[in-house]
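Asker: For reference, the chains in residue letters:
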Amino acid sequence: MPESEEATVRLAQRGDREAFRELFERHRDPVYGYVRQMVRDEDLAADLTQDVFLRAYRSLPRLKAPGAFRGWLYAIAANRVRDHWRSPRLDALSLDASADDGSGDVMVADPAPGPERVAVREGLREAVAAAVEKLAPERREVVVLHHLQGMDVRAIAGMLGVAEGTVKSRLGRARADMRRHLMGWMEE
Amino acid sequence: MPGARQDSSPGVCARVREWLPEYDYGGPGWWRRRQAARHLAQCPGCARELTALRRATALVEALPREVAPEGLWDRLEGALALERARPARSHSPRRRMPALAAAATAAVLAAGLGLRAAWQPEEPAVAVESYVQSHLALSRSRPLSPGAGYDAMVLLTAGTSAR
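Line order of the protein sequences matches chains A and B. Numbered according to this note's numbering, the first sequence spans residues 1 to 188. Numbered according to this note's numbering, the second sequence spans residues 1001 to 1163.
A few of these clues could be false.
What the hints assert, rightly or not - Some chain B residues close to chain A (C-beta under 8 angstroms, calculated; not the full set):
| id | residue |
| --- | --- |
| 1 | PRO1044 |
| 2 | VAL1060 |
| 3 | GLU1061 |
Just so you know, these hints were derived from the structure itself, not from any lab. Here the structure is a predicted model, which is why all the values come from computation and not from measurement. Beta carbons: idealized from backbone N, C-alpha and C, even for Gly.
For reference, chain A alone in the conformation it holds in the complex (with noise of 0.2 angstroms):
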């Protein structure tokens, strides 16, 4: 964490709005990413994550280690997804979710692409974005954490609560799976 976070970490623990902010502009779009990437539904990801923050703030002033800001606020994510999941509410929406209409590459193999490479190359996206979601929830919430939000090993294991082995064999498991979902389109 940049040393200038951990001084806005604690201007915000003492009750400084602007602070919290900071901290929210700066930690939405991957806490956003990482609660879509859990729950496949725009909107309910964005009322988690809302409500993600709403408990950071709550808690802020009781987090002893603000350089730990990053990991405890996935802490929250984490806890709150898994909330979602234990209500009742738990259905079927995120089943056609992954159709949405982002237009990020994700493999830029041919620089100049025709329609047929466009639609192959949105094709794989979407196969990508669905094998993610095929994945045992403890296997998709490592997968997201360390490949698309970066975080290490051990700050997954302390974030989660588990030892760096489960991490390590959840990460390698859902490798093969998501290697599994991919063959087709890995195929040379």
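Here the structure of chain A is known, so what remains is to put chain B in place on it, guided by the hints.
Answerer: Chain B alone, transformed into the frame defined by chain A:
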């Protein structure tokens, strides 16, 4: 080289492939990692398998990053405003709990020790339901008459005092 033949045997390949998914994450233990590393150096099939595993997660890493919707801060700020307003009514519930409990207990005891009697003449215990029923009965002959309500109250109050 006997070691090389052994490392490339199908049994070894199957075993190493079980370890490969964790290989890049620091698993599955240093001894197995060492065996896997030696095997990968001489088995193109298993090396290709590791590449395929890496590509699968590389595709995940290439997914576009999600962007939070606009207006999220405004929503949060609204929720925070409610949050700040709420403690004004029930500030530090844990610390105030003993005082509140003591006050509540005192009030209950005081009520039980005789204050109830002093309050009774001013607020006769007329049940709302009884009042409504009496009012309905009395107003049948004089519908909508304010007197009916008064009569009902007198009737019920007298009944309560008699008890």
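Asker: Looking back at the hints listed earlier, which ones does the structure fail to meet?
Answerer: 1
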